[in-house]
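Each chain, letter by letter, is given below.
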Amino acid sequence: MNVDKTLLKIDRLGARVGGKQILDGLDLEIGAGEVHAIMGPNGSGKSTLAQVLAGREDYEVTSGSVTFQGRDLLAMAPEERARAGLFLGFQYPVEIPGVNNVYLLKAALNSKRKAAGEPEVDAYEFLALVKQKMKLMQISESFLTRGVNEGFSGGEKKRNEILQMLVLEPTLAILDETDSGLDIDALKIVSEGVNSLKDARRSVVLVTHYQRLLNYIVPDRVHVLSRGRIVKSGDASLALELERRGYDWVAGEKAA
Amino acid sequence: MSVAQRTSAGAQRSAALRSFEAQWLAREPDAILPLREQAMERMLRLGLPGARDESWRYTPLRQLGARSFVDAPPATDETIAPSASLSLLGVSERVATVLMVNGHPVLPGAIDLTIDGTDISSLKSLARTDPGLLTRFLAPLSDAEESRFDLLNTALFVDGLYVRVKARCATPIVILHLATADRADTVSYPRVIIEVAPGAHATLIEHHVRQGAYTPFCNSSSHLALRRGAALDHYRVFATDAESTHVDSLTVGQERDSVCRQFTIVLGGGLVRATLDARLSEPNASLENSSLLVGHEQRHVDCVNVVHHAAADTRSRQTARSIASGESRVIFNSKVVVDAGAVHAESQQSCRGLLLSPTAEIDSRPQLEIHADEVKCAHGASTGRLDADMLFYLLARGLDRETAQSLLIYAFLGEVLVAMTVPTARAAIETALITQLPNPDLFRSMR
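These protein sequence lines are chains S and V, in that order.
Residues 1 to 256 in the numbering used here are what the first sequence lists, from first letter to last.
Residues 1 to 447 in the numbering used here are what the second sequence lists, from first letter to last.
One chain only, chain S, in its complex shape (with noise of 0.2 Å):
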């Protein structure tokens, strides 16, 4: 069986945001089941690319393609690239009080499920599914009747954002700096619930600033973004390197 490997295509992607170009011809290919870093320097676009490939309005595509599953990303609305199986790990979740943790979770399910021409959820396996994710995300019981992240912290925050993608079981996950801000233990429960999606379907994209989280979440491939482009790719054990030597270092060699 000759089935295309290849989840997610990007081409030449250029990206601009208030009249500045933060992506400029931007090339990375993600295989199925495949785990990607994409590590970089601030202010190099790790969270613009998260941003564009979520469909955010702000980011102005400039020139380039996106191909996911074979559609063309880019000429999707926000919600039906996350209907299709791409997921958006926030760096910064928003706290939206009001609006109740479950409830979105279940309108975010059930949506994706109508899009794939699936029944609603039922109540009662859903409630099971949440609780089972919540222990394994090590989520205390509250969560269940407050609002989105109301009140969360940081870390808890991150976990929730963990535990909305076990749920929701994406095919794509971006998660944009999952890692800031957790303290080792975070960091540990953040991986497990990552490491637990992973299978030969579905493909992560992390992206960090450190070396850290990939000690608990091996990549397949990284990828080092500077201005805009990935300007060096490699093993896990570039990882390493990059925390031995520092971004200098590529940006360095790129110049040389």
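Rather than coming from a laboratory, the hints here were simulated on the basis of the structure.
Just so it is clear, CB atoms sit at the ideal spot from N, CA and C, and this is done for glycine as well.
Keep in mind that the hints are not guaranteed to be accurate.
[Unchecked claim] Just the calculated beta-carbon pair ranges, DEER-fashion:
| hint | chain 1 | residue 1 | chain 2 | residue 2 | range |
| --- | --- | --- | --- | --- | --- |
| 1 | S | Q138 | V | E415 | 54 to 62 Å |
| 2 | V | T421 | S | E29 | 53 to 61 Å |
| 3 | V | G384 | S | K20 | 19 to 27 Å |
[As the list claims (entries may be wrong)] A short, non-exhaustive set of chain S residues, derived as facing chain V with CB atoms under 7 Å:
| hint | residue |
| --- | --- |
| 4 | V94 |
| 5 | G98 |
| 6 | A107 |
| 7 | A108 |
Mind docking chain V on chain S? Use the hints.
This is chain V only, laid out in the frame that chain S set:
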């Protein structure tokens, strides 16, 4: 010299005012004539509010002033029957419903009715049995300039309801105000007096609905009198149609240790002007007012609250949530006045507005007038659009735009909704609200 003789020289009087005067001249005198006469005289002297009246600057009455009104018809068998389906809460054993058609109470069989230890009688019968009591209730609480429509109601109301809560009334009482007419340019003057005896408790819901070919101009007045230690949850819900004009004057008088929770909910009506004039006249009286104002299409909602702290240790809290879509306009003005003797008074005013279209407008203005020391008064107002980060977060989770917007609107109003103490009322108001959201199917799957 009668009022008519003294004021007939006013040749520039608007058509509406002339028609009110004609109504006045045709009224049968009753036991409270002197009070009515006084009210009518003041009303005619003051005239309809105009552009120069600060409190009316957002709500011009030119159109209303050009119309000539006659009395809306009293209840008929036809208007009584279908009303159950119009009620916010339906008809169930858990609530007691009293119907008022164009201000005329429809009391079953006898004139008086007792619900759960609460006496309900018509104002006509009260005028006969105890005109002195009625007169005391009808005396205006504050500056007549601000309450012209209340004066007009006092002069012209034909009948109304007197509700006397004597003990703890566990059954919520719904006064279903039905506005209905078979011709244009009619007016009704519903009048309700609610007295809660010392230590007594009650929940009372005034629900304004309409049916039939035309909706009368409704000029309603309600007065809440809370005696010592009394507690009252009062709701006024406006749910009429785009063509209707409604001016509602609510006055509240509170004695020592009384607690009033007042909810003003505007879900419909072409032009709704709802005023609240509250006086905390004895120590430790407390008022919580929550307003939920929804403007859509070309609707106009104008709320004016004045809360008067006239004694020490009195507390008030006003929370308003306004949303405006289409070309609607929502105005919420609230004012807290703290008298010189009202030390340790505490007041809070929080007005938030949510604009859902570029052509809608919301004006919120909390004001404070403090004449005492050692008071704690806070106020805040803000108006904005839906938060882009919140919206994107919900979209990125796969929710469609209508659902995401609806959820955020609902969340915005949630603070007022959760304060509602009658679960059936809250559910009914929520349902009515949700039908106006971009996605009316919201929560269907959750129930």
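Numbers of the earlier hints that this structure fails to satisfy, in rising order: 1
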